[in-house]
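Here is how the chains run, residue by residue.
Number of protein chains: 4
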Amino acid sequence: MPRDVILVDPLPRTLDLIMEPGVRHRLEQLGELFISEDKPMSAEQIDDLLPETVLIFGQTDMHTERLNRAQRLKAIINVESNFLPNIDYKTCVERGIWVITPAAAFASPVAEAALGLGLDLARGFTEADRDFRAGREQYGLAGNEGTFRFAGAPVGIIGFGDLGRQFRELIRPFKNPVRVFDPWLPAEVITTLDCMPSSLEDLLYASQLVFVFASVTSENQSFLGEAEFAMMKKGAAFLLMSRAAVVDFPAMIAAAASGHIRVATDVFPQEPVELDDPVRKAPGILLSAHRSGGTRDAFYALGSMAVADAELIMRGLPPQLCRRADLATVNRLRSKPVDIS
Amino acid sequence: MPRDVILVDPLPRTLDLIMEPGVRHRLEQLGELFISEDKPMSAEQIDDLLPETVLIFGQTDMHTERLNRAQRLKAIINVESNFLPNIDYKTCVERGIWVITPAAAFASPVAEAALGLGLDLARGFTEADRDFRAGREQYGLAGNEGTFRFAGAPVGIIGFGDLGRQFRELIRPFKNPVRVFDPWLPAEVITTLDCMPSSLEDLLYASQLVFVFASVTSENQSFLGEAEFAMMKKGAAFLLMSRAAVVDFPAMIAAAASGHIRVATDVFPQEPVELDDPVRKAPGILLSAHRSGGTRDAFYALGSMAVADAELIMRGLPPQLCRRADLATVNRLRSKPVDIS
Amino acid sequence: MPRDVILVDPLPRTLDLIMEPGVRHRLEQLGELFISEDKPMSAEQIDDLLPETVLIFGQTDMHTERLNRAQRLKAIINVESNFLPNIDYKTCVERGIWVITPAAAFASPVAEAALGLGLDLARGFTEADRDFRAGREQYGLAGNEGTFRFAGAPVGIIGFGDLGRQFRELIRPFKNPVRVFDPWLPAEVITTLDCMPSSLEDLLYASQLVFVFASVTSENQSFLGEAEFAMMKKGAAFLLMSRAAVVDFPAMIAAAASGHIRVATDVFPQEPVELDDPVRKAPGILLSAHRSGGTRDAFYALGSMAVADAELIMRGLPPQLCRRADLATVNRLRSKPVDIS
Amino acid sequence: MPRDVILVDPLPRTLDLIMEPGVRHRLEQLGELFISEDKPMSAEQIDDLLPETVLIFGQTDMHTERLNRAQRLKAIINVESNFLPNIDYKTCVERGIWVITPAAAFASPVAEAALGLGLDLARGFTEADRDFRAGREQYGLAGNEGTFRFAGAPVGIIGFGDLGRQFRELIRPFKNPVRVFDPWLPAEVITTLDCMPSSLEDLLYASQLVFVFASVTSENQSFLGEAEFAMMKKGAAFLLMSRAAVVDFPAMIAAAASGHIRVATDVFPQEPVELDDPVRKAPGILLSAHRSGGTRDAFYALGSMAVADAELIMRGLPPQLCRRADLATVNRLRSKPVDIS
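Residue numbers (the numbering used here), protein chains in the order written: chain Y, 1 to 341; chain A, 1 to 341; chain V, 1 to 341; chain R, 1 to 341.
Be aware that a few hints might be false.
The list treats identical chains as one, so a pair stands whether inside a single copy or across any two.
Claimed, not checked - Capping the alpha-carbon separation at 20 Å, the derived lysine to any residue pairs in SDA-like fashion look like this:
no., residue 1, residue 2
1, K74, R324
2, K90, A328
3, K90, N331
4, K90, L327
5, K175, A43
In short, the hints are calculated from the structure, not lab data.
All values derive from a computational prediction rather than experimental measurement.
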């Protein structure tokens with residue numbers, strides 16, 4: 001009887017990063033682990049293992065030829081969280097090989113950070129602390145000049161996947177009217193969660209806070225630029241939580257600097273940001289170094305979701321926690337791989 | 001038929017501060033307004049008006065003798081929000097004169113600010129922005145070192161009146177276990193809102209975030225001091241949202257400076273804070289200049305709640321929105337009057 | 001030092017009915033109990049005990065003269081749940097004697113029953129079961145003829161005290177638009193709970209289900225009669241959960257019999273209902289024998305709320321769980337005392 | 001340019017049953033409709049249309065040969081709601097043809113009915129109405145003998161798909177501890193919704209109300225029988241909301257008749273039930289003629305969900321509302337087709 005090989009090739013992740021001991025133990029019950037953590041697994045080792053491989057944890061290139069050698073393969077589980085163009089997805093579909101990713105692991109910390117940053121832009125905590133330290137604080141009503149209440153303020157959400165929906169749940173007690181723009185979704189998905197389906201324009205005109213959770217696709221690069229920022233209300237807040245490529249970054253900085261809008265961003269066109277990048281001095285922007293999602297618990301959730309679905313797949317059941325690589329969407333995605341865990 | 005006089009003596013508030021035109025119009029339907037906004041109403045004018053006065057909006061001294069002259073008086077509505085020892089409360093009780101205050105108007109903005117500041121201490125937004133501007137930001141997991149997730153973290157609430165309860169509702173989506181210490185409340189009030197009644201000690205030992213919403217009373221001045229801060233977990237967050245007098249302020253600053261806990265405070269022993277006060281340079285503290293409650297909408301809510309209850313009282317019905325000055329509690333309260341609106 | 005007497009005169013309740021052993025034990029810590037359960041306490045015994053009495057649990061007549069003899073009395077706690085005209089309320093107010101009742105103990109079971117009966121009228125469970133037993137059931141869509149979905153249906157709530165508000169919380173997941181008619185409340189109380197303040201007429205015209213939780217007052221007896229039922233939509237549901245005296249009962253039966261509306265009632269003008277009362281054969285009515293509130297747990301809650309507030313009062317603090325007998329409202333109430341526990 | 005044919009073969013449904021005019025109009029924008037409603041579409045017509053067919057709405061047999069003729073086919077949308085063994089699912093997977101069904105359309109009315117029936121078993125409405133009509137009603141506490149409060153009672157859910165999860169949301173305000181048994185799901189799916197993953201045995205022992213929403217599979221027929229009913233608490237409630245085949249029906253009737261448990265059932269081994277079937281006289285059972293799901297709005301939701309997903313598919317996007325026929329599960333399902341709409 002052949003052994004069940006589990007090929008673990010998780011760079012830029014490591015197993016320790018994403019699995020607590022109990023979860024790793026569960027993984028080891030599913031087969032024999034072959035792990036390459038310090039560098040991508042060698043082509044030689046991959047070729048050697050593929051005939052016995054049942055599960056791949058990682059971002060290993062899996063072109064047609066390799067898939068052909070892996071006749072026992074049941075699933076490829078991407079633990080980086082973005083589907084890349086290094087897999088023959090069509091063959092996977094035809095063979096019934098699951099290609100999945102536990103990307104939703106980051107939704108909870110990102111949604112929490114989005115609310116924290118949104119409250120900060122609305123109520124001005126960071127700026128008020130800076131003013132206090134500089135001896136120019138104002139008290140009471142005067143100290144709230146130029147701020148607004150988050151509660152009840154019109155909110156716009158751009159991109160209504162896992163991140164957007166978890167964020168929506170977090171703000172329920174604030175009773176905001178919420179508009180959603182997501183061209184990949186039918187209205188029912190949006191109205192079921194008590195939001196209003198909206199065009200991008202209507203959302204920008206109407207919202208006091210705009211949260212961007214959209215993935216990058218072949219169709220939406222830089223779709224938020226000067227014209228879009230100009231549509232926003234004076235003093236409104238714009239929060240970029242997902243991918244820098246969906247906005248015209250210099251236009252965003254300019255809109256903040258002009259005082260027209262307030263901005264918070266967790267992502268940058270290039271990371272790490274250059275030491276002399278002018279964004280470091282930019283006024284009207286709250287800066288966060290791609291740290292919204294990457295919390296300790298989120299990486300562990302990545303691993304535990306991956307293993308829980310692997311267990312189901314090995315029992316012949318469909319995965320329940322990870323996102324599937326639909327051909328329809330995977331061909332449109334254009335996210336860069338992450339360099340830093 | 002005698003006219004119904006409404007005596008308006010709202011300092012440090014003004015009518016414009018607390019009433020939008022529509023609300024003021026409703027007030028004018030209830031009687032004839034006599035207003036002193038730039039200074040406290042003169043004793044002479046008060047004495048002159050009292051026999052016809054049905055409602056007082058303000059913090060006018062109302063000792064026994066004045067009450068005796070005000071035989072048609074139905075209610076004294078404090079629009080500052082703290083009951084002061086300048087009223088013969090006992091006579092008011094005996095005469096059935098309502099003494100009330102719309103203090104709950106501040107609960108919504110304070111609760112919102114408490115969550116914002118709590119998210120900031122947990123996830124480190126203000127500090128991360130400061131680091132980014134200084135060129136020492138860290139990305140991803142490294143950028144989250146020393147932070148913790150707000151979601152699911154044990155929360156302690158000290159003082160469970162309007163502020164504490166509204167805050168509790170705001171954090172429901174985060175599914176925190178919540179302990180409450182409030183010696184004036186039976187357990188049922190706490191458990192009904194899905195919190196655990198707790199001793200002060202247990203709360204301090206168990207909580208990752210401690211929020212103080214307690215009023216100052218004759219019994220609780222400086223009840224949170226060095227010993228109490230020492231009980232808190234290393235790295236836990238302490239947020240002072242109500243009154244500076246309930247803590248030993250220097251001990252709080254020291255606990256933050258030592259790195260044992262993180263602190264956010266909206267109140268200070270003396271406001272405005274002196275320019276050379278060392279708190280301005282203190283490490284580990286997020287500073288907010290008594291601005292959590294005093295938002296534009298909160299002052300208008302103060303006025304609209306006051307007028308709505310005045311309408312009920314004039315119809316012979318009990319007030320529904322304002323807090324009543326129970327003899328049992330009013331004698332214990334020791335809040336200083338507010339100097340700044 | 002005088003002893004603290006607690007006078008227990010709870011008919012039609014008994015202590016065993018309303019207190020579990022642990023709660024009774026807590027009561028015994030507050031003073032020395034003198035109990036009359038099988039009959040009202042004798043005037044002689046009352047007079048004897050009053051000088052030492054600190055708390056009264058029960059519906060004892062407390063006219064001026066008796067109050068004068070009870071100089072140490074701190075509270076009268078009505079455990080029947082309706083304030084009666086057998087107390088000199090004014091003197092209690094002047095003396096600072098709390099007169100309170102844990103009536104809210106019944107809110108939870110009544111709200112639950114209201115939803116159960118409302119779902120039954122909407123979806124037709126009782127009638128469908130009857131049809132099935134008679135061999136005339138219909139399946140699938142045909143079996144739902146004449147029914148409607150509770151989810152999303154416009155709901156009207158008449159009377160928005162403890163009962164109405166707890167009911168409102170129970171139906172949140174159904175996302176009904178909710179109109180509220182309550183002339184004793186300002187709009188803020190209603191809008192805060194995400195309902196629409198409404199006139200009685202608008203509510204009746206617009207609602208698919210009308211729930212009545214109103215108390216009987218000197219002003220609202222039989223205020224829901226033929227004209228009001230005629231305003232309701234054909235096929236709408238009317239649920240009488242509080243007091244029979246607020247409706248014209250024969251008109252309600254006639255409206256149900258005509259097929260214009262569906263009715264459920266938990267109360268009747270006279271209880272027990274006569275064996276030959278035609279209501280027993282009435283079509284279109286779901287009958288419930290005043291059993292919505294009187295559950296085992298509710299009676300125990302009555303006792304534990306009463307004792308928890310007594311504990312606060314003995315500490316000099318205001319009660320937190322019981323309703324207070326405001327002069328303004330108590331003079332308007334006209335509920336009959338309950339005959340049956 | 002070829003025309004886009006939409007083959008509509010919906011028996012036992014009809015287009016009018018499942019689509020309001022506006023929805024049908026949207027469907028007509030997607031292609032040219034060919035409809036067979038009074039009988040299954042003829043093999044001849046199907047063969048004729050397949051080369052141009054892009055969408056199939058219905059339960060048409062689609063064996064390998066037919067799929068081979070339908071080279072432009074993008075989706076087969078089952079509008080009956082159970083996947084049947086009349087499709088070559090493997091070929092559909094290989095070709096990227098979506099096979100989906102809007103089964104979740106029934107989740108909302110079934111969940112609502114489950115709560116209504118659960119409240120009825122707990123609080124005894126149907127039985128109390130029957131007693132009242134028979135002149136043997138009891139009032140107050142006596143009238144609640146043998147009942148229990150739904151609020152707070154331990155609930156067990158067997159089968160945690162769309163139905164179970166919507167039901168779980170409906171009962172949130174009741175604050176029940178909820179155990180879930182579903183062998184196809186990882187614990188995370190259950191704990192995320194604030195429920196406890198449980199073995200079947202623990203669930204049966206611990207729950208005061210057990211709700212069955214499980215589908216029939218090759219593995220679970222009659223898995224709830226005499227032994228399982230015996231594990232339940234005396235007086236507990238058992239509600240069969242999904243498929244009769246998952247229980248040993250005579251054992252369920254016997255358990256109810258013995259007084260050990262109370263039962264409500266919406267489904268029967270054979271429907272319609274024979275006129276002389278003893279279940280019609282069975283004591284302790286609440287009978288519902290497969291009417292929980294088949295409400296007017298649910299059939300319309302079936303159609304609008306189907307059309308919304310068809311619109312996405314025609315744009316090259318994945319469906320968002322319908323359930324997909326995973327090979328892993330579809331081979332295990334054993335539901336009988338519905339005979340009656």
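Right, here's what the structure says about each hint:
For the homomeric pair K74 and R324, the shortest alpha-carbon distances inside one copy (13 Å) and between copies (19 Å) are both at most 20 Å. For the homomeric pair K90 and A328, the shortest alpha-carbon distances inside one copy (10 Å) and between copies (18 Å) are both at most 20 Å. Taking CA atoms no more than 20 Å apart as the test, K90 paired with N331 passes inside one copy only; the shortest distance there is 10 Å, against 22 Å between copies. Taking the shortest Cα distances, K90 and L327 sit within 20 Å of each other both inside one copy (7 Å) and across copies (16 Å).
Taking identical chains as interchangeable, the C-alpha atoms of K175 and A43 are never at most 20 Å apart, the minima being 54 Å within one chain and 46 Å between chains.
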